[in-house]
Amino acid sequence: MIAPFLLFVSIFVLPGLIVYFNKEIDLAKLIAKAITFSISINLFSLSFLLYFHNIIDLNLIFLNTFLSITVSLLVRYLLRKEEKRRKMKFDKWFLFLFALSFIVNFTLFLYHKSIIGADVGRFGIISHAIFLKGKFETNLTPYDMAEKFFYFPSIILFPPLFEVVGIDPITFLSFLTFFFSSLYGLPVYLIAKKLFNEEIAISSFLFSLFLFNPLLNIGFFGVFPYAIGLFFFLLLLYFLLEKKKDILILYASLISIISFHAYPLVLLFPFLMSMFILNPSTFSFLIEAKTWKLLPLFLLFFFPYFLKTNNALFIPFQLENKLDIFMFSTFNRNLSLENLMKYILFSSPIGFNFSAVLIVGLLFFIFSMIKYYKSFNFGVKLLSLSFLFSFVILLILFNDMNFARSIWINWFFYSIGIGLILSDKKLNLLILLLIIFTRLPPSPFSYFNLSPTYHQGQVPWIVWKSFYDAINFIKYNTSLNSTFLIDGGGAGCTGASASYGERIFPLTSRKIFYFSDYCWAEYDREEYRKRVDLYRNISINPNNQEIINILKREYGVTHVFIGPTDVGLNKNLFNNSTFYKLVYENDDFRIFEIL
Amino acid sequence: MDVNCEKILENDFLCKFNCSIKTEKCGMFMGRVVVTHSGWAAIYDKTFNFTCSTYLILDLPKRSYNYVIRVGIAEGKNFESAEKIIFC
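For the record, the sequence lines run as chains Y and H. Residue 359 in the working numbering sits at position 359 of the first sequence, and the numbers go up by one each step. Residue 11 in the working numbering sits at position 11 of the second sequence, and the numbers go up by one each step.
Keep in mind the hints are simulated off the structure, nothing from the lab. Hints should not be assumed to be uniformly reliable.
Result set (DSS-like, lysine-lysine): computed pairs, CA atoms no more than 30 Å apart in a straight line [claimed, not checked]:
#, chain 1, residue 1, chain 2, residue 2
1, H, LYS62, Y, LYS581
2, H, LYS16, Y, LYS530
3, H, LYS62, Y, LYS552
4, H, LYS22, Y, LYS552
Label pairs and their computed distance ranges (CB to CB) [said to hold, decoys possible]:
#, chain 1, residue 1, chain 2, residue 2, range
5, H, ASN66, Y, PHE21, 52 to 62 Å
6, Y, TYR555, H, ASP59, 32 to 42 Å
7, H, LYS46, Y, LYS243, 35 to 45 Å
8, H, ILE57, Y, LEU337, 31 to 41 Å
9, H, SER64, Y, TYR555, 42 to 52 Å
Quick reminder that beta carbons are idealized off the backbone N, C-alpha and C, glycines included.
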């Protein structure tokens, strides 16, 4: 376990710590800057090395660590101003809540072992394909249908490194999500401290971590690249509010956002507009600091990665992919204004589940804006205006399924709204106990409530222990050449296997019979539709000899994997057929061998 | 646009639907029909050249389950879509 830990520290923390350790005396700012800078510098060093070195092995890890630390030392040398060590400042409550956040998220990670949803399986497939190929390329055949793809670089480049030191991509990406979830309150704390005071910052920190944590909500249900991007989005917002001439960290946070997901950036507009309206000269510091001079450096960070993926950049804009997203958003577009407002203000970004806690959040936000209008004029004006602008933007964005998740921004406003009203630390400790006890969603504590129950025809809400038992059976009892027919595949620019069967490949290296329909990948569409048809026909009649022969001869399918929420493949039909032999069974999963 | 499906056959293995798809404008459009189960995963996905009124026959596995049929057409930069729940 030491090697993965050291690798994690060298990628996500160490380079930034080297640059900012003596310069930054505020602990919260030090952590924020260290992580932001570390991501961007590692993105640069890794994509640069992979462009020239092109081999994913231990040497690459060594070279990457060496390069990122060398660059960090160079930056530190160039930035050195005050070399005297000063005493680090931090609030005891901040430290207590920060530690508690780590404990809760780490316990959740140990409890669930994996985040759910289809995306982690999908990125697991990409990572494992790259790992098996031993080099970064966008053609994933024969392990996946994607002949080329474009996605944001951090999710693609980091997981194969951890595979080198023995950590599978599902576990790594799940850990990464819980790690950033435990940090989510940090930018909220810094923003609230900047706009109001330490006391309000601490209470906002508490409510953002333990009551309104959108990062965990979005990340746990699978959309983790976007979720991690929004953490850096809030940090960029804070660094803009600081108006310091440390332009490097502004660029670093921008790079960090885009390295995970670019969509959070659309929410910058409400804040930028509000800041400009309140003070038209607010961005003059960017001009004074000659920000544009660093623009070539910013482009250089992405350049090696874009050189590798440039032939796939415009795949999402192909007609069929645009139509796919449009079709997938039909429900969102047909909502009445009343329902639209309910979804935007009171529902969760993923799944659009309503929560009474969000109604309380809005009421507290409105009340706090009225109550503190005089005492914190700028902060209240900025938040009120930004809330109104973002509400208008959300009314438009909700039409598009991909952007509808932007409603998380309201949780940011709600946590500060409640923080403004409930700023008594002792009272908040009691409220925290109440939050822990009631475990109401969207609190992270509510994720302890998830149980291994399921509804027929739905993607599961948890990954069972029995799933890993089935995976172990595959690992130790089937040939490496085996191919598994799994339940489900892509639709609407995504894909979801109801059995989590897509995880078989990243966890065991056995191939799966799958059909992916991603709007950011190029694949043979005729082949995709042929596979959907084969899957539908074998679902209707598992005894269809013609289909069985095609699956066996053309695709090398040897096994069928069916989970508890079987939707297409019916385990009873396979059980009763003479063409299949049941080779593994537990309470939830069955594996059949094709005879 | 509008999509309507009528169940014309049901047995132990499958349901057969006759679906009619009517578009607001008439002409020849590139279109796509997707049937999903579990909200996200496809069990039927085909691309067609649509006219203003198109019919298609769908065979779906019998599962006592709500499938969603989504239909979309593209005419230049304009898109139309409709969806319907069908039970089998």
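Going down the list of hints, with the structure as the test:
no., hint, in the structure
1, H:LYS62 / Y:LYS581, "holds, 23 Å"
2, H:LYS16 / Y:LYS530, "holds, 20 Å"
3, H:LYS62 / Y:LYS552, "holds, 24 Å"
4, H:LYS22 / Y:LYS552, "violated, 40 Å"
5, H:ASN66 / Y:PHE21: 52 to 62 Å, "holds, 57 Å"
6, Y:TYR555 / H:ASP59: 32 to 42 Å, "violated, 21 Å"
7, H:LYS46 / Y:LYS243: 35 to 45 Å, "violated, 55 Å"
8, H:ILE57 / Y:LEU337: 31 to 41 Å, "holds, 38 Å"
9, H:SER64 / Y:TYR555: 42 to 52 Å, "violated, 29 Å"
The structure fails hints 4, 6, 7, 9 (numbered hints given earlier, in ascending order).
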